[in-house]
Amino acid sequence: PAPAAAPATMHATLLADVPVSGRVVQENGQPLPGVTVIVKGTTIGASTDANGNFSLTAPENSTLIFSYVGFTRREVPLSGATAGLSITLQEDARALSEVVVVGYGTQERGSVTGAVSSVSSREIATQPVADVTQALQGRAAGVTVTSNGGAPGGAAGTSVRIRGLTSAGNNSPLYVVDGFPLPDGGENQLNAISPNDIETIDILKDASATAIYGVRAANGVVIITTKRGKAGVSTINLDVYRGVQSVWRKLELLNAEEYAVINNESRVAAGQPIVVDRLRNPQALGEGTDWQDAIFRRAAIQNYALSATGGSEKARFAVSGTYFQQDGTIVGSNFERFTLRANGDVQVNRILKFGNSISLTHLSDRQITTNNGEYGTVQQALRVPAIIPLYRPDGYFYEPRGAQDNFIEENPVVAATLNNQRFTRNRALTTLFAELEPVKGLRLRTNVGFDFIFDNFNAFRPTVPELRVNNPDGSQDTYSTRYNLAGGTATSSYAPSYLIENTATYDRLFADKHQVTFLLGQSAQWFNFSNVEAYRTGYLRNDLQVINSGPINTQLANAGRIDPTAKLASYFGRVNYEFGGKYLFSATARLDGSGRFEPGNQFGFFPGVSAGWRVSEEDFLKGNNVISNLKVRAGYGKVGNPNNAGRFAYLFSINPDIQYPFGPNGTIQNGGAPTRLSNNELRWETNNQTNLGFDFGFLDNRFEATVDLYNRNSPNLIAPVPVSLVSGTYERVNRNAASAYNRGIDVSFTSHNLQGSSRAVDWTTNLVFSAYKTRLESLGVGQPYNGLGSLAGVIVRYDKGQAFGSYYGYVADGLFQTPEDVQKHATQNGAAPGDIRFKDLNGDGLITALDRTFIGNPNPDFTYGINNTVTWKGFDLNVFLQGSQGNQIYNQNRYILESALYGNSSGSTRVLGRWTGPGTSNTVPRAIAGDPNTNLRVSSYYMEDGSYLRLKTLTLGYKLPAAVLGRISAKQIRLYVTGQNLVTLTKYTGFDPEVGASGVDLGVYPQPRVLLAGVNIGF
Amino acid sequence: CGKDFLAESPTDQVTDANFYKTTTDAIQAVNAAYSELGKGGQYNYALWGLGDIGADISTTGGGGGGDGIEQQQLDNYNIPSTNPIVARLWGGSFIGVGRANIVLQKVPTMTIDPAIQKRSLGEAHFLRAKYYFDLVRAYGDVPLLTKPPVSLAEVNVARSPAADVYALIVKDLTEAIDLLPASYSGEDIGRATKWAATGLLAKVYLTQGNLAGAATQAKAVIAGSGKSLWADYGDNFKVATENGKESLFEVQYIAGRNQYTFDGLGFVGNEFFGPRGQGIVPQGGYGFNVPEPGFVNGYEAGDKRRQVTIWEPGDKYPDGRVQPASLPGSPNGYNCKKWFVGKVNTNIWDSELNIPVLRLAEMYLIQAEGEGPTASGLEALNKVRRRAFGLPIDAASTRDIAAGISAADFKKAVWRERKYELAFENDRWFDMKRTGELLTSDYTKAKGIKSFNVVLPIPQDELDVNTGLKQNPGY
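From first to last, the protein sequence lines are chains A and B.
For the first sequence, position 265 (counting from the first letter as 1) is numbered 262 according to the working numbering, and the numbering increases by one without interruption.
If you want the working numbering, it's the position in the second sequence, counting the first as 1, plus 220.
Do not rely on the hints blindly, as some may be mistaken.
[To be verified] Residues of chain A placed beyond 12 Å of chain B at every Cβ, according to the derived structure:
id : residue
1  : Thr69
2  : Glu310
3  : Phe314
4  : Asp452
5  : Gln820
6  : Leu948
[As the list claims (entries may be wrong)] Below, computed lysine-lysine pairings styled on DSSO-like, alpha-carbon distance capped at 30 Å:
id : chain 1 : residue 1 : chain 2 : residue 2
7  : A       : Lys797    : B       : Lys690
8  : A       : Lys821    : B       : Lys690
9  : A       : Lys821    : B       : Lys667
10 : B       : Lys670    : A       : Lys821
11 : B       : Lys690    : A       : Lys836
12 : B       : Lys447    : A       : Lys821
13 : B       : Lys391    : B       : Lys690
Hints were generated in silico from the structure; no laboratory data involved.
Quick caveat: nothing in here was measured; it's all calculated off a predicted structure.
Positions of the beta carbon are idealized from the N, C-alpha and C atoms, including for glycine.
Just chain A, same shape as in the assembly (with noise of 0.2 Å):
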């Protein structure tokens, strides 16, 4: 019965209700099963069946909500003819999609109260990336993606950076796949899933949406939901592309004749001899090796998936095998993937479901030594110099040797593939659910699943007779003894982990205006992990190269751990209230307990709010022609971070690995002593963000746009504080110490500059923009400790005041030109005309280590990316542009490459414009043999613009006609083309400006530039 005051304009009662149906199909007239059709303001609906028809009853004059999740949502007046209604809905190109996933459960994207970015299988779709990751860089605001190498599969890991850092330690967001989330650790999470079985990735970037995730949302959260069969449709895919791969820079380095020029030269001046015969006549050299053409090469890239979804109200499934395959743009480097994945879901009655998700994946990547690290196969190409040759006369590789070349690396094509390092992973991630509903609107839902993975890492160094080199004696040259010995390593890890999570979601809307949805639920997982490794020398035979084929007792290692089991119990909840489809509110809370902390100390609250206004449901806005969508967004949470606080920090460990050998044989004695101070304080880090929003939409929604403000405090970080080797330990002890603060905005702006039917042009332009300060504003009892180091020194050091990942050194201010320049400097040892001149900053008349200061950082003003899809009759064209603002590189590059003018390296062709003299120049320092001014030394020298724009992706496709399609009863045939990083525009002189997370470029593995076809087929 109405209340006795309802207004007398509401006459809902008085109406009839009367019968409704009618078919639901998309563009092509393909049927839509599946579509929700609810009667606007009450909870009246139905879903469409396998055809698409649809039937409920509803009162007279009411209106009809149509929305399918990738389409738009329509809304039909019932007025006139209620049967044989015709609905036609378009795919929708403009919102990702109207389904957000949120953690425990989805939201209408007009509900939700958070900051949320969701990216479609569709961009997905469009780049060719082992690691779907990758895919996200540029194409959701707030998201910073960075590749850390370019090596095949993804192997080097992806920094995904969910506004910003938090952090001095992880800064990787928690995944969560199909309700299971992931272990933490490593960045290269992700390339064990096939980009091709997701249907969509939802960004939860701010806390009042991360806040259910609690202890480890402080990173953000990323949910990956996996493609599910639907009712009524049964396609088979099958996708193909294939294409090559090339390096798309090669630095200039020196040739045979120049380096040999530049090497003499420095011996010269430092009264050293010339010890290498041949470089005495340096025009007879000629050219050289070029040895970038000898490690870099063409290189293939590949996919085939093949997938069927279908299935009806009863039983739905989606299944699929993925074969992948990259060969690396460095030799001896390449990747292969297999994955298989069934998705099922079940309606027993009318109550109980249930379903699962099985993803089973291979993967074996070939590596070559060190991504990214000094010494590894691109930074070695770097040092050999050109008068090396690649093969000796008989064809064999060619080993330098010590003495006659004066050079003792090894020849980086040798080591890159004679060396045969195997990584390979097999991954089994399977989730299983059960959900009841036993009365209308509230659902029970109980979630198993678990995530084995096993590694292996297989290492061989062969016996290459062949590579030995004689000196004039005959004994052997001592660098060409590399090789004498055969060596293989093996190690076998295990980490499994296990969930099990209860959940009781109530859905309702009361008196019709009052929408609640009530969430309470129970989490435990659990992590383990073990390993095993043994490495055996003196191998008798170089093809068998497995461990056990090698002499017993000439295993000098064999090691293994077992690492006590991580757990985290957590209990959670949420609140959402919407009133009127006007104001929305929304409360999080989420209990979690760690185990790696003191008992006592093991719980935490994490609490989200958040609210929002939608205004353009108001009635001063409805209808209005220019505001088609305006709402506003708070929120204010706290999450946490327990990754940087190691295990058992507040215990005394004794640490067991030391060792001194006693008595007339050496017997080998252990020794037990703490090399850490403990600290039973840690917590794990947390941050407090609040962040503002708004949407718009503008023209009928022809233009809309997101913007969120954040603001995110971190109060107790982690910070590894250095403690004084006086303490008699050497282990830096973690402690909450620091604080930092994190602000930003993000953009998302989409153009639907021209929209057509079918037949004409239809020209969408999406806009991401991020930008964000972040900075350590304190460190407490802390003193500024360094991070990440290379051959030259300390790079990145934090302190106060400065952004995570701030480079620390010396202020390189030009050359002394005069031996006056250098009288009347500060006292820099070893410095002479010609060498890099630096700053005495404390004015002490001295060039010491207190002179340096910070010199640059690696997070960049802003990143954005902007993506272009055009599409005419049958044909699309996707350009997808992609770039980062502002950020510096430290190019430890140019240590080895400027080494030339030092010591034995080769170097670039910028060595060549040296310092000779007087006024010859101001910014190449002259060549010394020994770098007696430590020229090399880390300073503002070294640092380059990072700045870079890129065409990310250039896409060209073409649908085949419907009447090509009849012939070979096929449902859809697409062909396209796709180029990667075609172009790059950068002032950075390295290979690649992505160099990874850290901005220190140790020899990063280059992107690689791809051209590629494909085909996606339907059936």
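Given chain A, work out where chain B should sit, using these hints.
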């Protein structure tokens, strides 16, 4: 259920909750204090860099250019506070001190075998003294910690005056002498004895200028330790005669366990000092620590120590080849031979030869220096000289320093004898500092030594993290 579910304890590590209980634990705690002796912070890197290359007997060698830059910095008295040798010596010594302090704190209250308890405390006192002795000589005033710190405030303390450090060293050694046994057998050989502690005390007194005390302690060792000089000087530096009859205390090494680290269980010198690229040591030889011609030419004719200590052109290698007239990094064809073992293993670069810390010959030299040109002082010096020339040790000889020598000349003679007797035993820089030669010798002056170089800089990394420390003047 949360609390039980989360109840975890380390399955793979020992913590202070279950350590420091048993006799074995006590022994392990002491072993940990020994282990730093063998590492890069002491005999495997820092002490030869400073003690040999930093002095007048040798130069860096190696591959030239920037190779061995940290040794070159010590060699040329152009020592930045970031020099890794400077940092390692500081760190290794303080870690040793810290581990000795834990023993001295924990072991007294443990209920364990009383003999082991007493010995352990003696060893800890000895080792703390040894590490502090290196610290105070190398850096001057240093922070003085006598118990394990539990907070940063206890770590970041100001440097104590050198005199206080010496006082602790003397006290520690005096206690060690009371607590330690005179000798060991079996698997305990290599541990510090009462005579090691007495010998070290003699050296400490000598360094302090307490000549009478030095002579008394040295004579006590000579009389009481049961040790005697090898007839052949070279027997001090052979694997077969390790911990032998002249030995008072040695750093124990074994081979073949570790590759490419200064912090393994073997000594790196076989490889590092091996003639560069000659292939007579496992990885070919790096040719560091090259004897200076001035030092080599200073050997008296007939001094048998020369052949034991130095590779010279024409010297035969084990494989029959000979040392060339010059090598990379060694224009005169000299290399350090004292720690040469050869190819102890096919490709593992470390070697098992122990490094003497104290041996009886030095006690004679301390006695001689302490007593001056008295009859017994002369005899003590001459015993060492006779052995050097292969003569009977106890019979007067033509090589003897004759009576009647002035006290000043005698002192110079003892210093010179120490230089040749103890060459490449990591002692020369300390001796030059003690005698003042560090600042006055032509060699160091030519290298540009400055007066403040009598101590090393405090490591920059330490200054960065420890608010209690201040840099030594000049650095």
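Which numbered hints are broken by the structure, listed smallest first? Hint 12 alone not satisfied by this model.
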